[in-house]
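**Student:** Using the sequences and the accompanying hints, generate a full structural model.
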Amino acid sequence: MNTDYWDTIAESTVCIVPVYNEAAVVSEVVDSLRQVFPHILCIDDGSSDGSGLLARKSGARVVTHVLNIGQGGALQTGFSIVSRENRYSFVVTFDADGQHSPSDAKRLVLALVASDAEIVFGSRFLETSSREIPLVKRVVLKGLVKFNQYVTDVRLSDAHNGLRAIRVDSLPSLSFTHYGMAHATEIVSKSLQANLCIKEIPMNVRYTAYSRKKGQSIFNSINILFDFLWR
Amino acid sequence: MTVMRLILALAFAPAFIFLVRGVGMRARALRGVVLMLGLGAVSITLTFPNIVDFAADALGVSTSLDLLVYLTILTLTTLVGYVVGKFRRLEKRLNVVIHELAVRSGMEHQSHRGDS
Numbered sequence: 001m002n003t004d005y006w007d008t009i010a011e012s013t014v015c016i017v018p019v020y021n022e023a024a025v026v027s028e029v030v031d032s033l034r035q036v037f038p039h040i041l042c043i044d045d046g047s048s049d050g051s052g053l054l055a056r057k058s059g060a061r062v063v064t065h066v067l068n069i070g071q072g073g074a075l076q077t078g079f080s081i082v083s084r085e086n087r088y089s090f091v092v093t094f095d096a097d098g099q100h101s102p103s104d105a106k107r108l109v110l111a112l113v114a115s116d117a118e119i120v121f122g123s124r125f126l127e128t129s130s131r132e133i134p135l136v137k138r139v140v141l142k143g144l145v146k147f148n149q150y151v152t153d154v155r156l157s158d159a160h161n162g163l164r165a166i167r168v169d170s171l172p173s174l175s176f177t178h179y180g181m182a183h184a185t186e187i188v189s190k191s192l193q194a195n196l197c198i199k200e201i202p203m204n205v206r207y208t209a210y211s212r213k214k215g216q217s218i219f220n221s222i223n224i225l226f227d228f229l230w231r
Numbered sequence: 001m002t003v004m005r006l007i008l009a010l011a012f013a014p015a016f017i018f019l020v021r022g023v024g025m026r027a028r029a030l031r032g033v034v035l036m037l038g039l040g041a042v043s044i045t046l047t048f049p050n051i052v053d054f055a056a057d058a059l060g061v062s063t064s065l066d067l068l069v070y071l072t073i074l075t076l077t078t079l080v081g082y083v084v085g086k087f088r089r090l091e092k093r094l095n096v097v098i099h100e101l102a103v104r105s106g107m108e109h110q111s112h113r114g115d116s
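Protein sequences, first through last, are from chains A and B. Quick note: the first sequence, position 42, residue 42 per the working numbering, numbers continuous. Quick note: the second sequence, position 30, residue 30 per the working numbering, numbers continuous.
Hints were generated in silico from the structure; no laboratory data involved. Treat the hints loosely; a few may be bogus.
Derived pair list, reagent style SDA-like, types lysine to any residue, alpha-carbon separation capped at 25 Å [to be verified]:
id	chain 1	residue 1	chain 2	residue 2
1	A	Lys142	A	Ser101
2	B	Lys92	A	Leu171
3	B	Lys92	A	Phe226
4	B	Lys92	A	Lys142
5	A	Lys190	A	Thr208
6	A	Lys190	B	Leu30
7	A	Lys57	B	Leu101
8	B	Lys92	A	Ser48
9	B	Lys86	A	Ser101
10	B	Lys86	A	Phe226
11	B	Lys92	A	Thr177
12	B	Lys92	A	Ser101
13	A	Lys57	B	His99
14	B	Lys86	B	Leu30
15	A	Lys57	B	Glu108
**Tutor:** In structure tokens form, the structure reads like this:
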């Protein structure tokens, strides 16, 4: 691929990384992201372990929540800043626990640029990548996919994947109210309401002992369900 | 009696939701009225115990003590529901404040850096 072509796209792309107590891995994540994307915006969601400081030292721009409000709230803050600044054309949402690969994020952005899509979701369940997902997690995620399909009427193969690429001009249609993990379902439902063009492409997830520990458990999926139904 | 109980049960659900979730002036006033009525009922019960027997009989509840237990459960449920709802509303407002503060500080910080 032409390097200049990617450089031009990367210049107009910002990676939003919600961070909450990820001191063990955040520097590594930001370092690896910066090799592909020049603009990283970390939203420190009230971390108490100095994650925000570490991300800043690694070269990311960091905006801090004074209290923890949830991953959805952190993404919403990132979206608001990007929309108001009007500097970028594309946004990538990227998890801070190190399970995503910057090269997958790059593929998502390229897919966004090359197509009519307004949002490209990464999917762990397309092709063979799902075999690497631990069994319990696979069951939970499949359950969430079914729930997502029931609530939103959109048939996506992966419902709660943090890796997405979005066109900045679509962000106002995605303004969500769920500040917890239920935001992932809300993003899909808002996309549907706004008639946004959605695309999914396969991606790999690196499950380390750390990301398994921090990832979504069955209990969290119950919380997501209640969060979504309560409001 | 059964019809009376059915009407009470049917009326309780929307009244409960309105009392618990309502944030307007009307809901606030009604919560005050319900609280006053509750306190009034307690005073009357203490002063004229026979009235509770009469009310229990009219509602088809076996004893006045049962009626008091039911009323206490309903009052506590409403109160707990109201407090939980109030906390959730406050949490939402707090989240909005935190979000807005972060956005403003992020924008200000960027403008101080001269749009690097």
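**Student:** Look at each hint and say if it fits the structure.
**Tutor:** Here is what the structure says about each hint:
Annotation: proposed proximity of Lys142(A) to Ser101(A) holds, straight-line Cα distance about 22 Å (limit 25 Å). Using a Cα cut-off of 25 Å, the hinted pair Lys92(B) and Leu171(A) holds, with the two alpha carbons roughly 21 Å apart. Distance hint between Lys92(B) and Phe226(A) is fulfilled; the C-alpha atoms sit about 16 Å from each other, no more than 25 Å. Proximity of Lys92(B) to Lys142(A) is assessed by CA-CA distance (about 29 Å); at most 25 Å being required, the pair is judged violated.
Between Lys190(A) and Thr208(A) the alpha-carbon distance is near 32 Å, which puts this suggested pair outside the 25 Å criterion. Between the alpha carbons of Lys190(A) and Leu30(B) the distance comes to roughly 36 Å, so the proposed pair goes past 25 Å and is violated. Between Lys57(A) and Leu101(B) the alpha-carbon distance is near 22 Å, which keeps this suggested pair within the 25 Å criterion. Between the alpha carbons of Lys92(B) and Ser48(A) the distance comes to roughly 22 Å, so the proposed pair stays at or under 25 Å and holds.
At roughly 42 Å between alpha-carbon atoms, Lys86(B) and Ser101(A) are farther apart than 25 Å, so this suggested pair is violated. The hinted pair formed by Lys86(B) and Phe226(A) meets the criterion: a straight-line CA distance of about 17 Å does not exceed 25 Å. A distance of roughly 9 Å separates the Cα atoms of Lys92(B) and Thr177(A); the hinted pair therefore holds under the 25 Å criterion. For the hint pairing Lys92(B) with Ser101(A), the CA-to-CA distance comes to about 33 Å; that exceeds 25 Å, so the pair is violated.
The hinted pair formed by Lys57(A) and His99(B) meets the criterion: a straight-line CA distance of about 23 Å does not exceed 25 Å. Our distance criterion of 25 Å between C-alpha atoms is met by Lys86(B) and Leu30(B), whose separation comes to about 16 Å. A C-alpha spacing of about 20 Å is found between Lys57(A) and Glu108(B), which places the hinted pair at or below 25 Å, so the restraint holds.
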